[in-house]
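Engineer: Protein sequence lines correspond, in order, to chains A and B.
Residues 29 to 414 (this note's numbering) make up the first sequence, in order.
Residues 29 to 414 (this note's numbering) make up the second sequence, in order.
Don't take each hint at face value.
[Stated by the list, open to error] With a cut-off of at most 25 Å between alpha-carbon atoms, the simulated SDA-like pairs for lysine to any residue come out as follows:
id, chain 1, residue 1, chain 2, residue 2
1, A, K94, B, L34
2, A, K78, A, M53
3, B, K94, A, G413
4, B, K94, A, A189
5, B, K94, A, N412
6, A, K94, B, H347
7, A, K94, B, W414
8, A, K94, B, D33
9, B, K54, B, R84
10, A, K94, B, P35
11, B, K54, B, D284
12, A, K94, B, T406
13, B, K255, B, S300
14, B, K48, B, V411
[Unchecked claim] Sample of chain A residues lacking proximity to chain B, with all beta carbon distances greater than 10 Å (derived):
id, residue
15, M29
16, P37
17, K54
18, G112
19, V114
20, Q127
21, G128
22, R143
23, R150
24, G152
25, T260
26, S320
27, Q321
28, H347
29, D409
30, G413
Calculated directly from the structure, the hints in this document are not laboratory data.
Where a beta carbon is used, it is the ideal one built from N, C-alpha and C, also for glycine.
Protein chains: 2
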Amino acid sequence: MNLSDLPTPHLVLDRVKLQKNLDRMKERADALGVRLRPHMKTAKSIDVAKLALAGRPACITVSTMKEARYFAEHGLRDIVLAVGLVPQRLDEVVALLGQGVSLAVTTDMPEVAERIAEAGRRAGVTVPVMIEVDVGEHRGGVPEPVAGGQDRLLAVARGLAAGGAEVRGVLAHAGHTYGCSDREAIADIAETERSVAVDAATILREAGFGCPEVSVGSTPGALFARKLDGVTEIRPGVYMFMDLFQSGVGCCALGDIALSVLSTVMNHRPESGTAHIDAGGLALSKDRSTGSQALDLAFGLVTDVRGAPFPNLVVQSVHQEHGRLGLIDGLGTVPLEVLPVGERVRILPNHACMTAAAYERYAVVDGTEMGDRQPVVTFWDRVNGW
Amino acid sequence: MNLSDLPTPHLVLDRVKLQKNLDRMKERADALGVRLRPHMKTAKSIDVAKLALAGRPACITVSTMKEARYFAEHGLRDIVLAVGLVPQRLDEVVALLGQGVSLAVTTDMPEVAERIAEAGRRAGVTVPVMIEVDVGEHRGGVPEPVAGGQDRLLAVARGLAAGGAEVRGVLAHAGHTYGCSDREAIADIAETERSVAVDAATILREAGFGCPEVSVGSTPGALFARKLDGVTEIRPGVYMFMDLFQSGVGCCALGDIALSVLSTVMNHRPESGTAHIDAGGLALSKDRSTGSQALDLAFGLVTDVRGAPFPNLVVQSVHQEHGRLGLIDGLGTVPLEVLPVGERVRILPNHACMTAAAYERYAVVDGTEMGDRQPVVTFWDRVNGW
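Let the hints inform the model, and build the full structure from the sequences given.
Structural biologist: Here's what the structure looks like:
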């Protein structure tokens, strides 16, 4: 089977680019002297996880309990669930712990901490907990954990202290690096993330809580942090595939993007100089994250099947199953002469995590130099849902 | 099992509202004197299809070949694929036809018509084809099919004429009704859709092509068309569930929306007057279609578990697995006192087709008056992907 045999739309993963991205982050973790605990929220695949961990401790980050179960079943049993736990999921957590899986969960709420400890006591297990601290994104995390919010930080830790749970560490996510467009700004945010997380851990340790781990994360921060002294692990995820948004942030070149959507030209509208492909809102997602960047790439950048971008050609708008091709800012008309109906193209996604989630599997290729005749070397499954 | 037992985020379908929406459209089809060929692109579920067809001819519309196979396997064998066919899918089409499934496909391109006919001849089957005509949306369809574009219209029909295919009919979709906000404007567009489609069919018939069907579609058009003389069938889809966007167009009241996402409050940020739920971009989709309407409801309207909206409360922003609650236009702070951590809420989606696609199944309830203790009467599967 080769690319021309795939039904479209189909997710395509270039293993050569993937491997390069994985190697780069491993080198970064080594240079920074921290453990790499890759976040599997983007790839959601045991095959990708194995490559990301090759030669490393088998520890991962996940975003859903379904991922936790899936990876545990596939032998990866040192897991951090980095999204704030809702109490209704506690039965699933203690069940995994009862099976010997090392699953640490995350919270920033004292009342959730108490319920975690209670569930652990009832089940006869000790639930490891990462206390989330806000380092400026204002999404999750104890607000101002080292300057005004110490009471809440300690309240979460005390909620865990009555048995049934333990303070495994402090967890931070500087998602606001995504709003940056240069490395110095990212490095500044990464330094704030580092220092707040380390200081919060110090507060907890001085108050008598163990808190062995200091976990920070985000692909931009991991790539451009100047130092990570005091941090024990990083949790980047999207670095494996990269995407247009990460390219806009400066984390990669367009040529590093390992994930694309293979699509087929469906029709031409010569009178309006456009064409439609069979990848629409469901196939690409409606993520518009490049809309806030200097180069707005609408719903994705169009390349030929080998991966060479058509100049300025993007998916201008989407319906459920249609993508309309157009040039950035209407800079001319679509080159219909090189895009006959039935031609295969590839779409580089704005946001790999969102786009990949529409698919159950990846078609894996080792490069795309052979175009339509590039062999699909294997298919890798994904674990979607919750 | 009841609503409180569901892991969140979870899709919830209120069968009472669904049935009311289905009945309304059946009455409309009867009043207009046309066949109802419901579009299953939204529900993607055999159980919903059976209710939508109860007491009617078992004919449906689909948006993907995967849907076509799924519904055919479940006994619904009179199908129109209403998205332009790409030639690479022809093997799948003739395979279904060879199994006795009546599958009509759609195109607006003469070269695709020729390839369809060629595939039909080779397989010894006659492929029924709907010729798509543009009625003003400028997405798919022969442009200006009755005023300037007759040559292309007839070229598509001639491409089918050499055996192996037949002109089953003309197909139109006035998706630009979605840009309307009052019934008269929708009715005007629906009348243009009707007259262009009927006139295109007349051109084809006068040129000697059979063209028994004239198929139009869209929920707003089906609800507000003044007459459909000459039309044989309508293909609405989202009417089954409705959503915030359809409410904004005027197609339904908020209380008619049958689909929601059950979610759980994850944390509070009292210092900024907000909170987060465990439904983010993956659980809700990043569809922002209400952003172009008079009432912009961000990423969805928040209701309590019974379905009563919290005044002005919306999902203001999303990350992959986090939804941030906020009030429309910052009109105050989130009522944290009635949204404790662990509380169940429901999110009415902007766009049901996009939101439902993230899930493999529906939890079906008969009303939600009992709140958390509302029994889940059954689960219905969905067919996602391509």
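Engineer: If you check each hint against the structure, which ones fail?
Structural biologist: The structure conflicts with hints 4, 13, 16, 18, 19, 22, 28 and 30, although it agrees with all the remaining ones.
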